[in-house]
Amino acid sequence: MSHPKKNITLQKKQNLFGWAVLMPAVFLIAAMSFYPMIKALILSFETGIGAKMRFAGFLNYTRMFEDKIFLQALMNNFIYLIIQVPIMLIMGLILASMLNDKNLKFRGLFRTAIFLPCATSLVSYAIIFRSLFSVDGFINLLLVKLGILSSGYNFLANPISARAVIIIALLWRWTGYNMVFYLAGLQNIEYSIYEAAKIDGASPFQSFWQITVPLLRPTILLTAIMSTNGTLQLFDESWNLTNGGPANATITMSHYIYNLSFKYVPNFGYAAAMAYLILILVAVLAFVQMKVGDKRD
Amino acid sequence: MIDKGKRVFQYVFLSIVSLISVFPLYWMLSAATNKSVDVISGKLIPGMALLANWKGLLASQNVTGAMMNSFKYAIILTLISLLICSLAGYGFEIFHDRGKDIVMSVILLAMMVPFAATMIPLFQMFSKAGFLNSTIGFVLPFISTPFLIMLFRQSARAFPHDIIEAARIDGLGEFQIFYRMFMPTMRSTYAAAMTITFMNAWNNYLWPKVIMTDNESLTMPMLIANLKQGYVTDYGVLMLGVLLCTIPTVIIFFILQRSFAEGITGAVK
Amino acid sequence: MIKKIISSFVVAAMALSMVACGSNAATTESAKTEPTKEAESKGAEPAKEAEAAPAADDNTLTVWCWDPAFNVYAMNQAAEVYKKDNPNFVLNVVETPWQDVQTKLTTAASSGDLSTLPDILLMQDNAFQKNVISYPDAFTDLTDSGIAFKDFGASKVAYSTVDGKNYGVPFDNGAVISCLRTDVLKEAGFTPADFTDITWSKYIELGKVVLEKTGKPLLSMQAGESDLIMMMLQSAGASLFDQEGKPNIVNNAVLEKVLSTYAELVTSGILIQVNDWDQYIGTLTDGTVAGTINGCWILGSIQTAENQKGLWEITNMPKLDGIQGATNYSNNGGSSWAVTANCKNVKLANDFLAKTFAGSVEFYETILPSSGALANYIPAGKSDVYGEPQAFFNNQKVFSMITEFASKVPSNNTGVYYYEARDAVATALTNTIAGADLKSELETAQSTVEFAMGQ
Numbered sequence: 007m008s009h010p011k012k013n014i015t016l017q018k019k020q021n022l023f024g025w026a027v028l029m030p031a032v033f034l035i036a037a038m039s040f041y042p043m044i045k046a047l048i049l050s051f052e053t054g055i056g057a058k059m060r061f062a063g064f065l066n067y068t069r070m071f072e073d074k075i076f077l078q079a080l081m082n083n084f085i086y087l088i089i090q091v092p093i094m095l096i097m098g099l100i101l102a103s104m105l106n107d108k109n110l111k112f113r114g115l116f117r118t119a120i121f122l123p124c125a126t127s128l129v130s131y132a133i134i135f136r137s138l139f140s141v142d143g144f145i146n147l148l149l150v151k152l153g154i155l156s157s158g159y160n161f162l163a164n165p166i167s168a169r170a171v172i173i174i175a176l177l178w179r180w181t182g183y184n185m186v187f188y189l190a191g192l193q194n195i196e197y198s199i200y201e202a203a204k205i206d207g208a209s210p211f212q213s214f215w216q217i218t219v220p221l222l223r224p225t226i227l228l229t230a231i232m233s234t235n236g237t238l239q240l241f242d243e244s245w246n247l248t249n250g251g252p253a254n255a256t257i258t259m260s261h262y263i264y265n266l267s268f269k270y271v272p273n274f275g276y277a278a279a280m281a282y283l284i285l286i287l288v289a290v291l292a293f294v295q296m297k298v299g300d301k302r303d
Numbered sequence: 003m004i005d006k007g008k009r010v011f012q013y014v015f016l017s018i019v020s021l022i023s024v025f026p027l028y029w030m031l032s033a034a035t036n037k038s039v040d041v042i043s044g045k046l047i048p049g050m051a052l053l054a055n056w057k058g059l060l061a062s063q064n065v066t067g068a069m070m071n072s073f074k075y076a077i078i079l080t081l082i083s084l085l086i087c088s089l090a091g092y093g094f095e096i097f098h099d100r101g102k103d104i105v106m107s108v109i110l111l112a113m114m115v116p117f118a119a120t121m122i123p124l125f126q127m128f129s130k131a132g133f134l135n136s137t138i139g140f141v142l143p144f145i146s147t148p149f150l151i152m153l154f155r156q157s158a159r160a161f162p163h164d165i166i167e168a169a170r171i172d173g174l175g176e177f178q179i180f181y182r183m184f185m186p187t188m189r190s191t192y193a194a195a196m197t198i199t200f201m202n203a204w205n206n207y208l209w210p211k212v213i214m215t216d217n218e219s220l221t222m223p224m225l226i227a228n229l230k231q232g233y234v235t236d237y238g239v240l241m242l243g244v245l246l247c248t249i250p251t252v253i254i255f256f257i258l259q260r261s262f263a264e265g266i267t268g269a270v271k
Numbered sequence: 055m056i057k058k059i060i061s062s063f064v065v066a067a068m069a070l071s072m073v074a075c076g077s078n079a080a081t082t083e084s085a086k087t088e089p090t091k092e093a094e095s096k097g098a099e100p101a102k103e104a105e106a107a108p109a110a111d112d113n114t115l116t117v118w119c120w121d122p123a124f125n126v127y128a129m130n131q132a133a134e135v136y137k138k139d140n141p142n143f144v145l146n147v148v149e150t151p152w153q154d155v156q157t158k159l160t161t162a163a164s165s166g167d168l169s170t171l172p173d174i175l176l177m178q179d180n181a182f183q184k185n186v187i188s189y190p191d192a193f194t195d196l197t198d199s200g201i202a203f204k205d206f207g208a209s210k211v212a213y214s215t216v217d218g219k220n221y222g223v224p225f226d227n228g229a230v231i232s233c234l235r236t237d238v239l240k241e242a243g244f245t246p247a248d249f250t251d252i253t254w255s256k257y258i259e260l261g262k263v264v265l266e267k268t269g270k271p272l273l274s275m276q277a278g279e280s281d282l283i284m285m286m287l288q289s290a291g292a293s294l295f296d297q298e299g300k301p302n303i304v305n306n307a308v309l310e311k312v313l314s315t316y317a318e319l320v321t322s323g324i325l326i327q328v329n330d331w332d333q334y335i336g337t338l339t340d341g342t343v344a345g346t347i348n349g350c351w352i353l354g355s356i357q358t359a360e361n362q363k364g365l366w367e368i369t370n371m372p373k374l375d376g377i378q379g380a381t382n383y384s385n386n387g388g389s390s391w392a393v394t395a396n397c398k399n400v401k402l403a404n405d406f407l408a409k410t411f412a413g414s415v416e417f418y419e420t421i422l423p424s425s426g427a428l429a430n431y432i433p434a435g436k437s438d439v440y441g442e443p444q445a446f447f448n449n450q451k452v453f454s455m456i457t458e459f460a461s462k463v464p465s466n467n468t469g470v471y472y473y474e475a476r477d478a479v480a481t482a483l484t485n486t487i488a489g490a491d492l493k494s495e496l497e498t499a500q501s502t503v504e505f506a507m508g509q
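As given, the protein sequences belong to chains B, U and F, one line each in that order.
Each number in the working numbering comes from the position in the first sequence (counting from 1) with 6 added on.
Each number in the working numbering comes from the position in the second sequence (counting from 1) with 2 added on.
Each number in the working numbering comes from the position in the third sequence (counting from 1) with 54 added on.
What the hints contain is simulated information worked out from the structure, not anything from laboratory work.
Any given hint could turn out to be false.
[To be verified] Output of the computed footprint for chain F on chain U, the stretches with three or more beta carbons under 8 angstroms from beta carbons of chain F:
#1 47 to 57
#2 113 to 123
#3 127 to 141
#4 211 to 218
#5 233 to 240
Owing to the predicted nature of the structure, the values given are computational and were not obtained by experimental measurement.
Quick reminder that beta carbons are idealized off the backbone N, C-alpha and C, glycines included.
Chain B extracted, bound-state conformation (with noise of 0.2 angstroms):
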C-alpha cells in the first residue's frame, strides 16, 4: 500500500487490525499443526519397534534411500505430479471459462454434473473404476467392439497401465474441484472486459489466454501449489484403486507410511522421517511456484 501522506499512527492501527485477523487462525494452526508436526520431527531422529523408541540420529533419513519400495513410491509420486497436474488445472480452466459463459444453457447442471466426481464416496468410485477397467470390463469391451484391442486387457496388471488408470481416475475426480475455484476466481473479473474483447474481434481463444489466464493467477498459484502438495501426499487412489499393485508399481509414500504405521510392524520414527522428506519435497516446489506466480501488480 503506497499512501505516504498518510498518518503514521492511523498505519500502524491498520497494520496492527491485519495482525489481529490473522491471529486465532495463525494460533490454531500453530497448536494443531506446528506442535505435532514438531513432535514427528524429534521422533523421526528416534528408531524402535512400537512405543520403545530411542536416538538414531540421520539413520532414518539415509535409511529411506536404500528403502526400495520407498524409491519406486517416490518415482510414482513424481509420476502422477508431472503428468495428472497439469492437465487437471488446464482442463479445470477451459472448463471454468466454458461455463462462465452467461448465455450458456443447464450452466448449474453442467456445473454440478461435473463437481459430482469429488464428492462422490471413495468406495463407490473404486469399485466402480476398477469394475470399469477389468479385464471384462466396459472399457476392454468398448475398445474391442471398437477394434482397437482384439482381447480384453487386464490394465490393472500392468505397471504401466495400472498407473494411466490412477491418472485418469484423478483427473476424473480433481478437475471439477478445481474448476470451482476459477469459477469463483472468474466472478471477480468484470464480464463486460469479454464482452469489449469480443468486440474488437478476440476469439475465445485469445480471450481465454489474454485475459482469463492472467486475472485468475492467483488462484491458479493456488490451485497449482495444493495440487502439488494433494498429489505428493496421494493416498486414497494407491490405496482404494490399485492398492499399490501390481507388485508395488502403483503405490504412493503416503500409502507407504500408513502401512509401515498401521500394517507392517509399526515403525513411527521411520514413517515420520519419510513424511519429512514430503514436506521438504512440497515446500520446494511451492516455493518456487511462489516465485514464479505470486506477484502483486
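Assemble the complex: chain B is given as a structure, and chains U and F must be docked to it using the hints.
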C-alpha cells in the same frame, strides 16, 4: 453462422464431460435399488430391492444418528472455519507487508506433512485434554487450514483498494469494512469455500476413527466402513449407504453453485 | 497445560467470531449457539463419566469388534448367556471395523495412553504376534486366567500365543475348505468325491478336464494377494519364518513348491486372477468359476447367490506333492479375543470369556444357526446342532465337517513381520507370473523383509 457451430460443439463437449462425471452416481443409484448379487455382476438397470436394502441398512446401522452427527460436525466446522480463515486471508492480503507474507509462507508448511505422521501427537494432546468422543475433538484440528487461508488471501487480491479507502473516509471501522464490504463482495469465494469445507468435513475419516470410540459418535463415513467390514458384504445395502452419504454434499453444491458462479460484481459497483 | 492453551485458543476464536459477525444475522445465530453447545457438552461429559465409572468397575465390559451379523451378534449372545448367572452384567459392544481397531490400538499404545482402549477387543489372528510384540504393555496375559485353552485346536491357539503366554481366546474359525459346484463337475463327469483327499497335481489334472468340457476355471483369486500361497504353506506346517523368527524365503523348498504350483494353476487357466475382492465374490456368485478354496467363512458369501442353492458342496483342500508333512488342511483368517491392559476388571473379563466363548456349548449352539459363526471350541463340534444337514450345500453336514478339518490344521509360525513377508512374497508372485525368474524374485523378497526387520 460460425457462432452456432461453436455453440453446438460447446454443448456436445459439456454433455459428454457431464455424462462421464455423472455415470458413477447413476451406477450408485441403480446399485442401491438392486440385490447384492446383481450389483457385483454389474447390472446397470435399477431394480426392485430398494426397500429391502433400506430395511437391511436400518437393521444393522444407526443411520439417523450418523446423519445427525455428520451434519452437526460438518456445519459447525464449516461456519467457524470460514469465519476464522476468511478473516485471516483478509488480514494477510489487505494489510500485507513483508512480515505477513513470511508468516503466510510458514503457515503453508502446516499442510505439507501427511496427517498420518502428526496424528499420534495430536491424539495424545486431545486425549489429555478430554476431547475424545466430542464435537470439539472432531472440529478443532481442521478449523484453521492453510488452504482456506490462502484461498481467501488470493481472492482478496481482486478486492479493490479504493473501496476500502472510500469506506474509511465514510467513517467505517475496519471490522465494518470486513463484514459490510468484503464479505458480500466475496460471496462467490465464500460459497466455493463453504462447499469444499463442508465436503471435507463430511468425508473426514482418519481422524474421527481415531478419536471416536463410542457408538454415539458414529459418522456417515464410519457407517460405510462398518458396512463393508463383515465376511459377507451386502453391496446393495452398501451402495444405499454410500448414496445417502453423497447426497448432502451434492445438494449443498447445487444450491451454492449459483452464488459462486453467477456474477457478484453488482455488489461492488 | 496443553488443555489450557487449547481452550484459551477456542475461547479467543469464539470471542472473535462473536465480535466479527455482530450484525450478520444469519451467521450470528449459529455462532452464538456454539459456545453454549460446547459448554453443554463439556458439562455433560464428566457427569456421564461419573455415572459410568462405578458401573465400569463392577459389572460392565466394553468390547470392540466388527461385523454385526457375526462377531457383534456372537458377543451379544454371549452376554445373554452370561447374564443368566450374573444378572447385573452389562456388555457394551462398539462396532469397529478391524482396520479401525488396529489404527486405534496403534495410536493409543504408541502415545502411551491406553485409557481409550476397551476391556476386550477382537484381533485378527495374523496380527496377534505383531501387536503383542510391539505393545506388550497393552495386553493382559491370560495364561493363568482359568480359561481352558486345551479345548481349542492347537494351531488356532498358537496364533495368540507369544513367548509361551496366552493372550487370546480363539473365536472365529478360518479352517480352509474347497468349495465345488456339483452341477459343473457333473457336466465334466466328476463328483466332489474325486476332489477329496487329493494332491495339487491331481487337482490340476481334473481342473484341466473341467475347463475343457465346461469352459469354467475351478478357481479365482485376487491378484497381488497371497491368500492361497499362505494357505498352501500352512497346509504343510511351513511358514515364511524359521523358529528364531528370521525370514525363511530363499531356499524354502515348500515355498518354491507352492509358488510353482500357483504359477501352474494360472498358466493352465484353472485359476483366473481378478483385481479385487468384490470381483472375486462376483466370480463365485455369478457362476464364472466352478469352485473356490478359502477360509470357511467364505460360505456366507457363496450363500448370497440364492439361485445356486443345493449346487454347492465342500471338501478338504488339495495337498502339496512330495512335501514332507503336507496335509489337506489349512487355515485362512480368523480372529481371537484379547483382553487389554486397560481392563479395570480383569477377573470379570476372564470369567465372562471362560464361561461363554471358552466354556459354553449351549452358547455355540445358539449362535451357529443364525450367524453361521463356527467354533474352534472342540466340545461344541460334537453338538447335534453342528450335525444338521445344510440344504444349500446339498444336505452336507458342513459344520461338523469344518470342525473336523479345523482340528487337523498344522500349526505354523505366523511371525511378527507377517504382513511384510506376505506382501513381499505377493510381489515376488506377481513378478514371477509376469515372467521374472523365481529364484531372484525370492531373493529380493527375502532382502525386502530383512530390510524391514533391520530397524
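Each hint, compared with the structure:
| no. | hint | in the structure |
| --- | --- | --- |
| 1 | 47 to 57 | violated (count 0) |
| 2 | 113 to 123 | holds (count 3) |
| 3 | 127 to 141 | holds (count 10) |
| 4 | 211 to 218 | holds (count 5) |
| 5 | 233 to 240 | holds (count 5) |
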